[in-house]
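**Student:** Letter by letter, the chains look like this.
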Amino acid sequence: MNMRDRVLTTLDHREPDMVPLTEFAIDPPHMEALTGLKLEGQTSLQTPVSADRKDEMANIDMTYRCYKRLGFELIPVELSAPDGWQAAKNPDGTMTDEWGRILRYTSVTRTWSPFRSIFHTPEDFDKFPLPDPDAPGRLFGIEQMKKLVKDDFAFGAFIRDPFAHVWEMFTPDNFVRWLYEKPQLIRKAIEKLADFNVKITRRLREVQVDLVISGGDYSEKNGPMVSPRFFREVIFPNLRRQAEEVHRLGVKFIKHSDGNLNPLLPDLAQIVDGLHSLDPTAGMDIGAIKSQYGEKLILFGNVSVDNLCRKSRDEIVQETKECLRLAAPGGGYILSSSNSWFADAKLENCLAMVETARKYGRYPISLP
Amino acid sequence: MSQKQMALEAVTQAFGEVLGADEVKKRVEAALENSASPTEIIQSLREGVDIVGRKYQAQEYFLSELIMAGVMAEEVTSLLRPRLAASSTNMFGHIVIGTVRGDIHDIGKKLVSTMLISAGFDMVDIGVDVPAEDFITAARSNDPKIVAMSCLLTNAMDEMGRVVAALENAGVRRSLRVLIGGRPISKEFAQQIGADGYGADAVEAVKAAKGLLSTGNHGGS
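For the record, the sequence lines run as chains A and B.
Quick note: the first sequence uses my numbering, first residue 97, plus one each step.
Quick note: the second sequence uses my numbering, first residue 194, plus one each step.
Pulled out of the complex, with its shape left as it was, chain B reads as follows:
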């Protein structure tokens, strides 16, 4: 194995074992010194974050490890950003994400957003307590592949259905897919309101987003 390959594996390992932001930055610097390209390092990051996601779902890791992997991914991406062409991080296109009106919870949305960035999406985070018209505006101005909605309060679930209807009425629904998630959300609820996909947690949300892009049909009537 070459020095470069070993250095890239060390980056993946830093994520997989959640060794912290300082350690992963050291290993990224070492990979750069061994002639690894920023794109290769980002690929190692993705492999590492995947490991964390799998261990989280297997209950070997907990929410804190998932959040820390997100923090580490943000640090590495910031470090490499000046060296990266936009196309090398944004493999899959834009996603507009927000917590729907009536709900101000940010943690789950932020975590999903970070995991999606790590997976190669370009995220447009439009915040919390977001009314339907702001989802439409963001969809029109960012040309996203996916609009993702989050909520933690059961109170806010029906708002997701209203956003789907509003996207339809505004004529933008057919050009994008709708992904929803949050504590009270189920697959059945997603189908009921006409969403295209559902993620039970941040790791599932990444799988669902990739899955939506690999299938050809767009939502909407």
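Pulled out of the complex, with its shape left as it was, chain A reads as follows:
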């Protein structure tokens, strides 16, 4: 069974020959350590920060080599910035992305992260020219990676969740304030970003991806960021529109979110095909989720990213075995960390997770 078939069988809720593995992101220091290559240009895990195609090609090549070296069966790729686009460089050393988020460089991870916004009043959004989903070049990275992976690996395209995107674009304080004072604005912004995603998803037909992943969080450790009622009234109808468009491509739609998703699980199980991250430190019990939703949802993750940073190799081996024991039987489980391989995760632990999955992840699973 080749690597792509292993993933496709898993996505079909059947048992392949062994449990597939992936990470939705690996921080640059680990990629460099695993490939011996040097990251070129600027990167962010949340948004394109450059349209320099030479740097982008080099980074796609490094990602491909890194995943190939690790034997990961599924490679996820982000959308690109359009041809010719340049991030606005601000005098204080920050930059502004296409969506009005102001990004600051983090030296430890060597990536750019959103921390402020250009949206100070509701009117700022009305005047803001939203990015064009049909702009040439948006699929550049996805097309380049497709050429590398051919049909050997499974291949997923990332889109950003409209709620999480608007939450970051406006900043949490403004999002919440306008949710109370201008609820129609929040509703409109989420709908417009969902429209963007629907159009981008149509373009993905050109590339033939194996799944589409919606990045961006719905929850924090305590529970959903906004009330389940708001999810049902505004967020989920837009999520459903995206899911329907992805299904028209004939592929599965996977929702990523950190945090405690338990109050949202009954709804999510009716809309998306799978969930990624399943953070155990936020109360996501993969055994309970498998038992209740395992026939409906493909599960990804649950090896604690915090433990990869701080626990011993032996503890990671035990944790990985437990994830396999609880989630792998019957198929529908792709093993990964509960977020990504942070720069500060011990590489020894990350590799122990991979080795353990290969050793004990062969079907039929026979862990006591």
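Source of the hints: derived by calculation from the structure; they are not laboratory data.
For each residue, glycine too, the CB sits at the ideal point set by N, CA and C.
Take every hint as true, because none was put in to throw you off.
Some but not every residue of chain B turned toward chain A, in silico, with C-beta under 10 Å:
1) Y254
2) S257
3) E258
4) L259
5) M261
6) G263
7) V264
8) I297
9) H298
10) G301
11) L304
12) V321
13) L346
14) T347
15) N348
16) S379
Dock chain B against chain A, hints included.
**Tutor:** Just chain B now, kept in the frame of chain A:
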């Protein structure tokens, strides 16, 4: 119940039910018209924010309600500030707060800071990606009761231990308590690095800060 008491209860209710900034400001104006003092209104605000905190922990409310209560508290405090003597809002003293070096996350820190202001602390927010030496400088110049550190990235956790050591080496550790919090932080980690307290979320951080001040012993060796 007097008109004044009813007006003060209406302020508490506006917070408890998270009715928004405009509504709470109307109710504060009404309380002032009914001869409530700014200090009494601040007390009603605190009771209301406490209700929001309890409902958040019981998962009846969500992060958005907690943030909105913070926004409302900021609005009310700004409205009343010209009428308040400094001593009437600052019941418990100064806290220096920052996100440690290597981490630029601001949301959790800002929320904790707002909740602590609502609870009666005077906050000195020294920003994000803050090196240890800036915590020392802020501790020397503000004479805080507590230095509070936040991080979201696991990468940045060890920096908290370095700040505790730096405060010790600079000779300022014994005069203050150290409170830490953030997504990857646990009580065990707090003990491991020699912090005095830990808050699992913004509501717990307020409880921990009050708890630290009610116990007599200061940290440090």
